[in-house]
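Visitor: Protein chains in written order, with this note's numbering: chain A, 18 to 84; chain B, 257 to 628.
Check the hints yourself; a few may be wrong.
[What the hints assert, rightly or not] Simulated pairs of lysine-lysine, DSSO-like, Cα-Cα distance not exceeding 30 Å:
1. B:K470 to B:K269
2. B:K291 to A:K64
3. A:K64 to B:K570
4. B:K570 to B:K364
5. B:K295 to A:K64
Quick caveat, the hints were computed from the structure, so don't treat them as lab data. Note that the coordinates shown come from a computational prediction; the quantities given were computed from them, not determined experimentally.
Listed below, chain by chain, are the residues.
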Amino acid sequence: MNQMKFFIISGLIIILMIGCTEKYPNKTETGDLVLTGSSCEVCHLDKDLLEEVADPLPPPAGDGGEG
Amino acid sequence: MPPLEAWEKVYVKETFLTTTHGQLSCISCHGGNEKSTSKEDAHVDIVANPSEYDDIYCAGCHAGTVSMFASGLHRTQEGYYTIFEERAGFDLRDHEDLQMEFDKECGKCHTTCGQCHVSRPASVEGGFIDGHLFRKTPSMTNNCTACHGSRVGNEYLGENAGFRPDVHWQPNAKRCEFCHSSQQMHGGAGPLTMRYDTNNSAAVQCEDCHENVKSANDYHIRHWERPQSDSNLSHLQCQVCHSQDYKNCNACHTGGDGITGSSYMTYKIGRNPLKSAKRPYDYVVVRHVPIIQDTFASWGIDNLANFDNLPTWKLATPHNIRRWTARTDTTGGVTRCSEKCHDRGTSELNTYLRESDLEQYEIQANQSVIIP
Numbered sequence: 018m019n020q021m022k023f024f025i026i027s028g029l030i031i032i033l034m035i036g037c038t039e040k041y042p043n044k045t046e047t048g049d050l051v052l053t054g055s056s057c058e059v060c061h062l063d064k065d066l067l068e069e070v071a072d073p074l075p076p077p078a079g080d081g082g083e084g
Numbered sequence: 257m258p259p260l261e262a263w264e265k266v267y268v269k270e271t272f273l274t275t276t277h278g279q280l281s282c283i284s285c286h287g288g289n290e291k292s293t294s295k296e297d298a299h300v301d302i303v304a305n306p307s308e309y310d311d312i313y314c315a316g317c318h319a320g321t322v323s324m325f326a327s328g329l330h331r332t333q334e335g336y337y338t339i340f341e342e343r344a345g346f347d348l349r350d351h352e353d354l355q356m357e358f359d360k361e362c363g364k365c366h367t368t369c370g371q372c373h374v375s376r377p378a379s380v381e382g383g384f385i386d387g388h389l390f391r392k393t394p395s396m397t398n399n400c401t402a403c404h405g406s407r408v409g410n411e412y413l414g415e416n417a418g419f420r421p422d423v424h425w426q427p428n429a430k431r432c433e434f435c436h437s438s439q440q441m442h443g444g445a446g447p448l449t450m451r452y453d454t455n456n457s458a459a460v461q462c463e464d465c466h467e468n469v470k471s472a473n474d475y476h477i478r479h480w481e482r483p484q485s486d487s488n489l490s491h492l493q494c495q496v497c498h499s500q501d502y503k504n505c506n507a508c509h510t511g512g513d514g515i516t517g518s519s520y521m522t523y524k525i526g527r528n529p530l531k532s533a534k535r536p537y538d539y540v541v542v543r544h545v546p547i548i549q550d551t552f553a554s555w556g557i558d559n560l561a562n563f564d565n566l567p568t569w570k571l572a573t574p575h576n577i578r579r580w581t582a583r584t585d586t587t588g589g590v591t592r593c594s595e596k597c598h599d600r601g602t603s604e605l606n607t608y609l610r611e612s613d614l615e616q617y618e619i620q621a622n623q624s625v626i627i628p
């Protein structure tokens, strides 16, 4: 029984640790970027960050090319 | 082709940083402010498509190609201007208002280095193809057929219902570059008025590879080699026998209306409207193009003054070649020339472009093409 409790508690701790890991290590608590190099790379190499900050696209303009 | 997601268009892969282009600082090509921590400030004065200014951003390393591409049809869109002038009677570039309309509606077909080698073209809303990695040879689906899809792409890949792919198409092998050289794509023939310009020395022709079968069978001898002894034999473009039906379009209007009516598949033989040393054929296949007298009405041109100067059925080079087609397949004992082609307009084959195939508004324009 004690062994089961140990595993459950350990599991919960691991889940909490993963969940609390900072999503964007280049951001401060206030959300500002911390630059160690180019801000271009900080954003454009980070798929999740790009998804978060991307502006919605306007509706497609219709068929392009040969029509 | 559905556009990429907004983030996907600008997502850079880590591996890009190890490539030659990735060694350059971002701002050396794209400008902007790399020290800013706000999205808006970082993008002030950004150059999203540096190769729009290829003489500044690309010529330092690719001087020869940039110089050649300056006269490339993909860049200049000269064919549009040539045909417009022929039908309208004036050069639209002399009219600032018309040039603005052209840039807005037709300019998406103008291509830059980047729109072939790193991103999708503007006509399909752009975006990196592979995390900013450059490709020496453009992607067939993301670049070539992104623009040349509804006719060339669908023909070549066999995506028109009831028709087969081009015999040259072998997945992952014979893509566009199998026939279309880098020199041709970059304007290596020098300034041209359009792609069928007689000076287009870089344009590919079937004969470039297949000259060795010129006398391989009686049909080739009669319609290609043509012995001097028989002056009545007509010279046929290869596609006359070897192409399947292809897509044709009706009238098109600027200002958002686009193509009027549905496109349709058909096949028509006409007289060669662009006979030259490079295209000496007497007969060619012709495709209906989406033009009508008031196509540019939204630009203030209610009627193209010289509409009749050019045919609306134009020389075509369909990309759906097969050895055996409705013309060449004699399975079942159909061997008489009259049963496949020489029907004199009396059978249901209906392969020749006749005046009866034309709408009233285009009869005069097609006199040089129709077969009496």
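Visitor: Run every hint past the structure and note whether it holds.
Guide: Here is what the structure says about each hint:
1. Between the alpha carbons of B:K470 and B:K269 the distance comes to roughly 51 Å, so the proposed pair goes past 30 Å and is violated.
2. Between B:K291 and A:K64, the direct Cα distance comes to roughly 20 Å. Compliance with the 30 Å bound is thereby established for this hinted pair.
3. With a CA separation close to 47 Å, the supplied pair A:K64 and B:K570 exceeds the 30 Å bound.
4. As the CA atoms of B:K570 and B:K364 are separated by approximately 23 Å, the hinted pair is consistent with the 30 Å bound.
5. For a cut-off of 30 Å, the pair hint linking B:K295 to A:K64 stands: about 15 Å separates their Cα positions.
Hints 1, 3 from the earlier list are contradicted by this structure; the remaining hints agree with it.
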